[in-house]
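Protein chains in written order, with our numbering: chain A, 1 to 378; chain B, 379 to 610.
Just so you know, the hints here were simulated from the structure itself, not pulled from any lab data.
Hints may contain errors.
[Said to hold, decoys possible] The calculated label-pair distances, taken between Cβ atoms and stated as ranges, are:
| no. | chain 1 | residue 1 | chain 2 | residue 2 | range |
| --- | --- | --- | --- | --- | --- |
| 1 | A | Ser26 | B | Gln503 | 53 to 61 Å |
| 2 | B | Gly438 | A | Ser246 | 52 to 60 Å |
| 3 | A | Asp11 | B | Ile441 | 53 to 61 Å |
| 4 | A | Ser26 | B | Pro424 | 41 to 49 Å |
| 5 | B | Ile602 | A | Ser96 | 44 to 52 Å |
Here a beta-carbon is modelled for each residue, glycine too, at the ideal position from N, C-alpha and C.
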Amino acid sequence: MTKTPAVELRDVKFRRNGRLLLDVPSLRVTGHETLSVIGPNGAGKTTLLRVLSLLDRPQDGTIIHDGDEIHSGGDALKRRRRLAMVMQQPLLRNTSVWENVATGHHFRHTPKAEASRMIGEWLDRFGISHLADRNARRLSGGEAQRVNMARGLVLEPDLLLLDEPFNGLDQPTRLALLDDLWRILKEIQTTTILVTHDRAEAQALGSTVAVMLEGKVEQEGTPEEVFSAPRTEKIAAFVGVENVLSGRVIESSNGLTEMSVGRGHVTLIGEFPIGEELVLGISPEAIVLEDPTGYATTTSARNRISGTVTRVFEMGAQARVVVDCGFPLVSLITGRSVVDLRLSPGAPIVASFKASAVHVIRNGQLPRSATDRDLIEK
Amino acid sequence: MDLIWDGVSEAFRLIFGGDKEVAEIVLLTLRVSATATVLATLIGVPIGAVLGVWQFKGRGVLISIVNTGMGAPPVVVGLVVMILLWRSGVLGGLHILYTPWAMVFAQALIALPIVIGFSMAAIAQIDPAFRQQMLALGASRSQALWIMVIEARLAILAAVMAGFGAVISEVGAVMMVGGNIKGETRVLTTATVLESNRGEFGTAIALGTILLTLTFLVIAALTIVQQRARIR
Chain A
1 MTKTPAVELR DVKFRRNGRL LLDVPSLRVT GHETLSVIGP NGAGKTTLLR
51 VLSLLDRPQD GTIIHDGDEI HSGGDALKRR RRLAMVMQQP LLRNTSVWEN
101 VATGHHFRHT PKAEASRMIG EWLDRFGISH LADRNARRLS GGEAQRVNMA
151 RGLVLEPDLL LLDEPFNGLD QPTRLALLDD LWRILKEIQT TTILVTHDRA
201 EAQALGSTVA VMLEGKVEQE GTPEEVFSAP RTEKIAAFVG VENVLSGRVI
251 ESSNGLTEMS VGRGHVTLIG EFPIGEELVL GISPEAIVLE DPTGYATTTS
301 ARNRISGTVT RVFEMGAQAR VVVDCGFPLV SLITGRSVVD LRLSPGAPIV
351 ASFKASAVHV IRNGQLPRSA TDRDLIEK
Chain B
379 MDLIWDGVSE AFRLIFGGDK EVAEIVLLTL RVSATATVLA TLIGVPIGAV
429 LGVWQFKGRG VLISIVNTGM GAPPVVVGLV VMILLWRSGV LGGLHILYTP
479 WAMVFAQALI ALPIVIGFSM AAIAQIDPAF RQQMLALGAS RSQALWIMVI
529 EARLAILAAV MAGFGAVISE VGAVMMVGGN IKGETRVLTT ATVLESNRGE
579 FGTAIALGTI LLTLTFLVIA ALTIVQQRAR IR
């Protein structure tokens, strides 16, 4: 079943001052879904939104909204009026909250009664009805961001573009707004593209996640796919798999592969040609630390490696322990375990993890192509 | 010192004594300068906004011209207007030389670069991302420009005040194109020059005082409007 995507980019390249800021061979956003675009600062996320919102025209490529190619001039304005983009900074006008939320309807010459009804409704949805008469320059950060979003959503657009909507908000404010936005997006079912550098926000709001690095969409998939099986080292480094290891296949049979990594060995699931170099990812949560002086136990974990603790970072109830197992491994354990195991730099330790906790990240140097992707899905 | 004191008391006598000639001069001064300022605002603010926001070829040259205009000697402007309005001039057919309309023309031309320059600076102060956000909310290019003018309204009011201040106190150009004709084109500045030339320093100081008070009142009124429009 092929549905016409609500928005599509084809071979889009955007340059500014000769620098290629955006290079998207293909991006399709299905209607009524939320796509989270995640990436570090300067990855081109905002540029992507600006191109999608028709504010910036790419030098190459095609933008397609609802199956129609967007050209220039009046057509673009008509299209722009069917979408709404909410920028990172709540750039509110020096007037009342109500007037601020009314701005887009003024531009569209929406009949007054209809506009008033929508404004009232959206102020209410964002819990800011009581601020309607206040000057927008006199709001707290959280309130201003709510006005900023209400100002976009009140237009009830076909396509909603949100640029880092939670940036600069303190934690409780952020969580409250995240919660409200999640509920609203579920309710209105508007096609939404959300840009963020925060994995939790991306995961919380997006049905699909796209990772953007250096102007390119590097991986697209469900949040689970992207976060548990990042496709390249760079993606892994960004989405937070801290154990990224590289090694060579030394044995592979019966659905299991053994690799030499540094001075140690790692067993993983899957079969690969002997001699091939692979990059592996293991999430720190998957690594269990044991007291080496305890009784030798029989365990289902295929990987049990002796090593030495090199560093311990305590962070509240949790701690990150770096172990040298012939290669560095980071394990995330509780602070209690640090005490119980008497972990300190130099202490001997056994690290264990299941073969299934190891996933293969293709080396970024391999050609990026469809076959590349097929290999992983095999 | 005595001279100044006599002049000030003369001013009070002229204002409150209901001197018909002075009243006419004051009214004409206000009418001419206000009309010129309104014209300069209507033309200058949109030009200033466009120069402050849009990027186009030749923008730099236009900005240089405006900046030069802001410092142009009014006498030169007066001279140019006079040549234009002269019977054989390009605009000679209007037959407005030595009428209040010629003075309005000259004063508007003096105020125009000031209004453009200050408006341009006022609008350029706004974060460029603000305009982008307005476009992202569905504004056409001209709607985005207009909303920026509204956003910069306080600073633009300052531009209007500067323009008004420049023209009401100007003497060279109005003298040249108006001719300082008694009962027709005599305004406070030209009358002050005339009285001091005649050695009537008391009257000159009185007229100067009236001019100063008038300017103060108009600017004060505009300032009150400006302060009120600030954050409510």
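Outcome of the hint check:
1. A:Ser26 x B:Gln503: 53 to 61 Å: violated (41 Å)
2. B:Gly438 x A:Ser246: 52 to 60 Å: holds (54 Å)
3. A:Asp11 x B:Ile441: 53 to 61 Å: Given range 53 to 61 Å: violated, Cβ gap about 39 Å.
4. A:Ser26 x B:Pro424: 41 to 49 Å: holds (43 Å)
5. B:Ile602 x A:Ser96: 44 to 52 Å: violated (21 Å)
The structure does not agree with the numbered hints 1, 3 and 5 stated previously, though it agrees with the rest.
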